[in-house]
Amino acid sequence: YYGVYNLTRPILVIRDPDLIKKVTVKWFEAFGDHRDFAPKYADPIWARNIFSTRIEDGWHDLRTTVSPFFTSSKLKMMFGLMQKCAEQCVEHYKKQGGFVTIEAKDMVSRYTADVIGTTIFGVTCNSYDEPENEFRMMTKQAADFTGLKASKFLGYSLIPRIMQLFQIRLFNQTLVKFYSGLLNESIKLRREKKLIRTDMIHLFMESQKGQLNDDDQSIDTEFSAVDESDILRKWKKRIKFGDTDITGVGLGFFFAGFGTTSYIMSFLAYELAANPDIQEKLFEEVSAALQNDDGKITYEALLKIKYLDMVVAEALRKWPSDFYFDRECIVPFTIEPENEHEGPLHIEKGTQCFIPILGIHRDSKYHPNPEKFDPERFSDENKHNIRPFTYMPFGMGPRNCVASRFALLETKLLFAEIIRAFEIVILDKMKIPLNIKAKGFNYYPEGGIWLGLKPRVFTT
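Sequential numbering from 1 applies to the sequence shown in the numbering used here.
These aren't lab readings, by the way, just hints derived from the structure by calculation.
Please note that the accuracy of each hint is not assured.
[Unchecked claim] Simulated pairs of lysine to aspartate or glutamate, EDC-like, Cα-Cα distance not exceeding 20 Å:
no., residue 1, residue 2
1, K454, E132
2, K454, E423
3, K95, E56
4, K431, D106
5, K237, E423
6, K177, D144
Keep in mind the model is a prediction, meaning the values are calculated, not measured.
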């Protein structure tokens, strides 16, 4: 480990896998919070975001309340809604009748907007045929963490009291009213008409009635998926959601799932285009897996495509959505020395700890030839070679990503549909090697990822 400063705030950067395990799991009661991007008074909606909720403000209760939303049985329930979005994507490009030029993030962000719209907010839209639809436009605005919004986060990080004095809200209130209006109107209509739609709003309503059970019948073949910790399995208290809670949690799912998933899928599209042998093997495995299901992708069939899981896992290794994940020390803590030349490390309450995901994922000590895109790292024969706590695309410990299975399902479904219909190819205008630039809280190639979709020709 080593120390750095963010202005006047000390940060401990942890690189050792054993120490990462201790900080994120064994010592969770001492390192249980994320850093404050903004205090809870910055915006009432932000206060109910599961990512920013602190231990003292009821994080355990909130996490155990929303965890059942992402069990296998609930994801299977929402699978049909996701599938329609993936089919819309493929049909849009098929209708163009030949070779299609795309910018990867533009293509996948339309899909993620449609998925979030239908699964979280109960809104059916088609961002391919109607790219200017209101939901997508609002989604693009909400997910943009550059410019003024980035300045607001910086302001609340450096001068929170001044920001509070001038009553500067983090989020544009037009956006908040739009999303809360969608949720509240949908809930009202369903109560009045006794309607049931298998989406997140239905799960919120079931949770309000105390009828949401953690009835997981897991089909867990996914290497990258993270499990709930023993700490949370033992925690029985749950929250009865109010309207503000639903809006805050719903927007939290949106912020966590829209931008990050879009970036992951964009890089996955690039790697498949740049590695045609891997793409062809994936096409063959997807085609073979679906022969017994009349060509229709089912939830069970999708999760059993082993090579697809390997490809997605490798994309998450090489291109994790974040540079790092963090923990904050919530009580004074001392890391005792393990070697003779070391001394104790005293950590003050409020000290941030950064775990550099990208650096560890690209470290040849843990992942040989790390710049090579190689799904075979995650084969049954090789995956045991991956040292624990050196692969962590969704974080580690109790505060890992609650929606990892949702993100994986969303990604696999889209690429299974695309790869069956098109060959993804690199365009001449694409700049290689990629010139990566920071973009908000993420990173992306300067100039974009420009690819071609070449329709597959099937012979009988």
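Right, here's what the structure says about each hint:
1. A C-alpha spacing of about 26 Å is found between K454 and E132, which places the hinted pair above 20 Å, so the restraint is violated.
2. Our distance criterion of 20 Å between C-alpha atoms is met by K454 and E423, whose separation comes to about 5 Å.
3. Distance check on the hinted pair: K95 and E56 sit about 53 Å apart at the alpha-carbon level, beyond 20 Å; violated.
4. Note on K431 and D106: the hinted pairing holds, with a Cα-Cα distance of about 17 Å set against a maximum of 20 Å.
5. Of the supplied pair hints, the one linking K237 and E423 is violated, its CA atoms being roughly 49 Å apart against a limit of 20 Å.
6. A threshold of 20 Å between alpha carbons decides the hint, and for K177 with D144 the separation of about 17 Å falls inside it, so the pair holds.
When held up to the earlier numbered hints, the structure conflicts with 1, 3 and 5 and fits the remainder.
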